[in-house]
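Chemist: One letter stands for each residue in the lines below.
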Amino acid sequence: MREITYSKALNEALDEALAEDEDVIVYGCDVGRWGGIFNITTGLQAKYGADRVFDSPISENVLVGAGVGAAVGGLRPVVELQFADFLLTAGDEIFFKAGMWRFMHGGAFTVPLVVRLPSGATGAGPEHSTCPEAYVMHSPGLLCCVPSTPADAKGLLKLAIRSDNPVMFFEHRRLYQTRGPIDDAAAVAPFGKAAVRREGRHATIVAWQVMLNRALKAAETLAAEGLDVEVIDPRTLAPFDFETILASVKKTGACLVVEEGYRRLGVGAEIGARLFEEALPYLDRPFRRLAIPDVPIGSAPALVNRILPSEDEIVAAVREMTR
Amino acid sequence: MREITYSKALNEALDEALAEDEDVIVYGCDVGRWGGIFNITTGLQAKYGADRVFDSPISENVLVGAGVGAAVGGLRPVVELQFADFLLTAGDEIFFKAGMWRFMHGGAFTVPLVVRLPSGATGAGPEHSTCPEAYVMHSPGLLCCVPSTPADAKGLLKLAIRSDNPVMFFEHRRLYQTRGPIDDAAAVAPFGKAAVRREGRHATIVAWQVMLNRALKAAETLAAEGLDVEVIDPRTLAPFDFETILASVKKTGACLVVEEGYRRLGVGAEIGARLFEEALPYLDRPFRRLAIPDVPIGSAPALVNRILPSEDEIVAAVREMTR
Amino acid sequence: MRNDLLAEIFRKSLLTRVFEDRFVRLAMEGVVPPLLHPGAGQEVAQIAAIAALQDDDPVLYAHRGTGYMVARGVSLSAMLADCAGRAGGTNNGKGGIMHVVDTARGIFGESGTLGGGFVISVGMGMAAKRKRPGQVVIHFFGDGGSNRGTFHEALNWAAVQKLPCVYVCENNGWAVSVPVSESTAVENIADRAHGYGIPGVVVDGVDPDAVLDAVRVAAERARRGDGPSLIEIKAVRLRGHYATDPQDYRPDAAEAASKDPLEALRARIISSGLMSEAEVASLQAACEAEVEAAVVEMQAQPLLSAEAAFEDLLVQGA
Amino acid sequence: MRNDLLAEIFRKSLLTRVFEDRFVRLAMEGVVPPLLHPGAGQEVAQIAAIAALQDDDPVLYAHRGTGYMVARGVSLSAMLADCAGRAGGTNNGKGGIMHVVDTARGIFGESGTLGGGFVISVGMGMAAKRKRPGQVVIHFFGDGGSNRGTFHEALNWAAVQKLPCVYVCENNGWAVSVPVSESTAVENIADRAHGYGIPGVVVDGVDPDAVLDAVRVAAERARRGDGPSLIEIKAVRLRGHYATDPQDYRPDAAEAASKDPLEALRARIISSGLMSEAEVASLQAACEAEVEAAVVEMQAQPLLSAEAAFEDLLVQGA
Ligand SMILES: Cc1ncc(C[n+]2csc(CCOP(=O)(O)OP(=O)(O)O)c2C)c(N)n1
Ligand SMILES: Cc1ncc(C[n+]2csc(CCOP(=O)(O)OP(=O)(O)O)c2C)c(N)n1
Ligand SMILES: [Mg+2]
Ligand SMILES: [Mg+2]
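Protein chains in written order, with numbering that gives the first Met the number 0: chain X, 0 to 322; chain P, 0 to 322; chain Z, 0 to 317; chain G, 0 to 317.
This is chain X alone, in the form it adopts within the complex (with noise of 0.2 Å):
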């Protein structure tokens, strides 16, 4: 099997969709001549011509907006936000445009947009360092994909591409470099089919992209302590695959939730709530988040790791858990 970084797999997911479909358009702030401020774009313009992959001016709301209208007269647009927060600022574009045009138009239209969102804290500041998918989550309307391997950002971003209802698709700009096998034969999962990262018993982590990474090296630190956790990658949060972690829960009897989101009323409360809900009687410790604190993201790297769970932290939270 090949090794790749998750930056080629995407550039590879984009280059295939390119050359398969002529409908599928590229574009947004530096995409074009320089293959995108994060290199995921890099060589397509030159391949595909200016007419399908091309910059844009700094106008997100444009941005977004013109991708619902390019979807609605029969293109498969692409759109690059260059952060992932930047979502906000074409908020009602994003939340609206894309997530209710068809809905408010009785289904006259489809929207086959996508928008790339590459999210993650690197120090850049409270507006360019979050992963916002929350605010998506609860959202009608929106489909929503968090990759965490190469092999899932290749296959989930031609998914994408490729389905009729809007995708936010969250590129996590820590992953970008990391690299993984990508079985080239092998066929995708399709939207909202979690993955079960490692297998467990004591407890269950639920943790998607950096986080993901974090809960897989915590689990091997618990497994030398004989506590075996499994560990769900959930791949997309809509749709979202709560049967898998439900199963996992009644299994294990405790859940823990890892994410680079805001706290509360983040992912983990709707999860949370959901266990509450479907799984009393199987819920033997109550359930445990780590997420950013509540405060934005500053950019000092000491304050981004104060707030950012980290690996020591889910151990400890899992040995707390199973206590």
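Don't take every hint at face value.
Stretch-level coverage of chain G by chain Z, calculated; a stretch enters the list once three of its residues show a Cβ under 8 Å from a Cβ in chain Z [said to hold, decoys possible]:
| # | segment |
| --- | --- |
| 1 | 255-267 |
| 2 | 290-296 |
In silico EDC-like pairs for lysine to aspartate or glutamate, Cα to Cα no more than 20 Å straight-line [to be verified]:
| # | chain 1 | residue 1 | chain 2 | residue 2 |
| --- | --- | --- | --- | --- |
| 3 | Z | K130 | X | D163 |
| 4 | G | K130 | P | E224 |
| 5 | G | K161 | Z | D247 |
| 6 | X | K249 | X | E276 |
| 7 | P | K46 | Z | E186 |
I should point out that these hints are in silico values taken from the structure, not numbers from a laboratory. Ideal placement from N, C-alpha and C gives every residue a C-beta, glycine not left out.
With chain X held as given, fit chains P, Z and G with the ligands onto it using these hints.
Modeler: Just chains P, Z and G with the ligands now, kept in the frame of chain X:
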């Protein structure tokens, strides 16, 4: 004690705030000459002049953003957005500028801004119908009021205007014409104090605004069946008085949250998750949420009524929970 | 313009007026919610503008009036059904009169947040340019809506890309209760075209020929690949912002009433001998009959199932 | 302009250049994160613009360069401390070089989302007008940022309210890798002033006199209560978008280098006899010493406590 409407209460709060502090200004589309499309600012321009109470262009980004700037510059702006939904239309200004301008500049400023957000489903379509409190409660740096009674409408709005923090003030449009007693001598409870609107021991309902009224009616029906329901009105969502809910649920063992926002990652999710974290040994019954079932709110009344939690559904949920 | 076209614009304008007046009465009777923003005074210009385009050129409209839909022949009973929450509508109970849609007739809908259509139109222009050369996208909006930031982002990018878009501002002098002079820093919104290097022209909304010509010129420019244009129609809002608005903020209501473009067109049609008074009267009667038939047809439709609340969101299995 | 002012602009521009060059080296050494967007080529104009104002007139800036701060005498070691995560900075670890603030010197910060400052400036103008008559709010931004919708909303409402705001676009021809011609539909961004009925002027960023004059005229207009102005400085970006940007997208880098306004000013200062070569050399040495002292002062500061992550959000008990 006087009885006044919720809308009169808001008008009085603005009137008194304008009288007390000449830094208070009030603006928004149609709030000046006309007194607002919902008549909350009636008479204020005539009384305080067009320099302090004035109309604006249809420019939600600058409405909110200028509010932040004016607050930084020493005024106390009270901005009306005509529909609470438009909070996402001004997403950058609400979440990043109002919520974070102080933070990202290391506390150099205070941002005494109030944004008034008339909310609620009245059949005006998907972009003019929501109760989007969850977006605010998820976001650091913003306070959030959800008054249910005329007395709270007045008291909380006055507190909000006096606060040195940015406050998102949700006024429910279907409450504007409701009446209630107001004790002009009574001190208003501070932000972050829930009100127990009805005491009971068999189950706890958390609800506010229109859903609170439905919950209270449902509680009467249930009382006739011998079920004593405790009904809690949080009054503010940020800060959030979880302690009052926790104490109630420890007593009743069962919790239902009824809200007019979307269900997934809504306020109820946070309440459920926190109970599961902090009160597992006391939880006799599965958690329950009634909320908008994760579809946008159409315009036909039959469709709206289908998805708004009803009194009957509340009654049924409590019966089922306590069975 | 040609006589037959003028007569057609008159007929459609009259039909629109009759339809909307009937709508308002239905609202007063409680049959439909009072959510119409009457287009009275603006329908002649709306219909003349549409007449300058191909029958299926996409139209994005704002909230005021139904002239665009009537111009394209959208079913009146369908629009009523949309509002009455009945079957047979265009948007399945989702959008009422605000989000009437009929893609076969090029009616592509409305953004409930003002100014939301600007950005959609850019993408539709991008799609038209690539997939349907020769197609022109037209977007109507109000003076008030032109102060949204989306106007700026959209016109700039449409101009950069030389998209086949025509932007038509119906400047009726008011945004609800706020006069344009108090919200807008420039007298002619068309002057903003300078900032995007595109043509900006002002036309009188009482004059269907001027409107037709301006849109034709803009559409030809768009088809040639030279990019968008901005047209400002000086319009008159005869009624309140919404159907039952008392308009007590409005000093100019009487003056406005005297400037009804439909009356002017009626007088012109008669004085030019294109139709006799009797012919106009019978046309009026025909419009009324058509509207009544639509009301009857709408009322014969079953109420929408409340389960429609769960439909039309995501495409399943995609 | 007066000689002493010119000399002062030169000194501050030189200090800015030396400071930023040192910053970039610190970034390469890993002492500070490489988040500076070098202002090289734009500092003379930035400093000349600030020189046209009162010492405490509020400044909102964009991300490029530190000329504004140096012009106002913000502590260099404080700016370094901001970036190095040490005590003694201006924003307590929250905003690094992006959100330097010093309200006593009228430095009111930056929006991390481009274009976010436009709308803030309007409110600050509203407050200035009411509370501090005579105060002028200046907002600097880039050509790229001028395509945000906030530009439109802000300039319109500032003009309607006749706010004391001065909008200064530093058009350096590039937004990261995108040339202005590919993102912007008009050659002169100043032309957009027409759309708001306000003056729009273009000045050459190599010419500090022209910049100073233009801002003075605009500030006087603002103080008179006549409202905002838009000034476009034709600027040159000498370095990459960020400190370590290879700029391989850029054909004009050599040409740009030949147009350094600081070099032009240095030549003018010497050829006019205002300073001798030796005086300039010793000024350069003094700037280097001042910067080194700031580096030492910064490095003597303790690291910020990580608990600062929880500070500065809400005002407690309010
Ligand atoms: C973003 C947004 N802000 C405010 C409103 C509420 N609103 C609806 S129509 C209207 C006035 C529109 O004025 P104009 O654009 O001139 O159109 P007109 O009603 O005059 O036809 C307002 C403020 C809205 N729907 N969307
Ligand atoms: C809303 C928003 N979009 C995109 C960015 C990313 N970004 C930062 S600087 C920049 C280029 C800015 O160009 P310009 O305004 O011309 O300023 P310059 O860098 O040339 O000084 C971009 C795209 C951002 N910070 N905010
Ligand atoms: Mg108008
Ligand atoms: Mg630039």
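Chemist: If a hint holds in the structure, say so; if it doesn't, say that too.
Modeler: Hint check:
With 0 residues having a Cβ less than 8 Å from any Cβ of chain Z, the segment 255-267 of chain G misses the three-residue criterion, and the hint is violated. With a threshold of 8 Å between beta carbons, the proposed coverage of the segment 290-296 of chain G by chain Z is violated, since 0 of its residues qualify and at least three are required. For the proposed pair K130(Z) and D163(X), the alpha carbon gap of about 18 Å is at most 20 Å, so the pair holds. A hinted pair counts as satisfied when its Cα atoms are at most 20 Å apart, and K130(G) with E224(P) does not qualify at roughly 62 Å.
In summary, the hint linking K161(G) to D247(Z) is not supported, as the alpha carbons are separated by about 28 Å, beyond the 20 Å threshold. A C-alpha spacing of about 13 Å is found between K249(X) and E276(X), which places the hinted pair at or below 20 Å, so the restraint holds. As the CA atoms of K46(P) and E186(Z) are separated by approximately 30 Å, the hinted pair breaks the 20 Å bound.
Checked against the numbered hints above, the structure breaks hints 1, 2, 4, 5 and 7 and satisfies the rest.
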